[in-house]
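**Q** Sequence:
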Amino acid sequence: PRFPGRFILIFRRTLMEDYGVVVTTRFRGVSERAPKDTPLFVTRVVGKGADENKSYGACTLDEALEQHEQLVQKLIRALRASHR
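Going from the sequence shown to this note's numbering is simple: count from 1 and add 6.
It is worth saying that the hints were derived from the structure and are not from the lab.
Each hint should be verified, as a subset may be incorrect.
Here are the simulated DSBU-like cross-link-like pairs (lysine-lysine), alpha carbons at most 35 Å apart as the crow flies [what the hints assert, rightly or not]: (1) Lys54 - Lys80; (2) Lys42 - Lys60; (3) Lys42 - Lys80; (4) Lys60 - Lys80.
Since we're looking at a predicted model, the values are computed, not measured.
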């Protein structure tokens with residue numbers, strides 16, 4: 007990887023404690039042999055069950071942060087609707 011494993015750069019984390027959901031956007035790095043279009047950033051949504059865990063890639067930090075915000079807003083809408 008471009009950065010050693012001990013340097014995990016987290017750019018944004020949203021914790022939804024009441025629902026048991028965490029959304030984390032971080033730099034994932036790539037190996038030198040990876041294709042040029044390999045996403046450098048990953049946003050991971052982790053829920054209570056393994057079926058709720060999903061990852062989304064982005065090539066730039068701006069894209070990753072926008073994706074993070076969209077995912078958080080989508081989750082908020084879905085969680086509010088399910089708890090009515």
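**Q** Now, for every hint given, state plainly whether the structure supports it.
**A** Tested hints:
{"no.": "1", "hint": "Lys54 - Lys80", "verdict": "holds (17 Å)"}
{"no.": "2", "hint": "Lys42 - Lys60", "verdict": "holds (23 Å)"}
{"no.": "3", "hint": "Lys42 - Lys80", "verdict": "holds (30 Å)"}
{"no.": "4", "hint": "Lys60 - Lys80", "verdict": "holds (14 Å)"}
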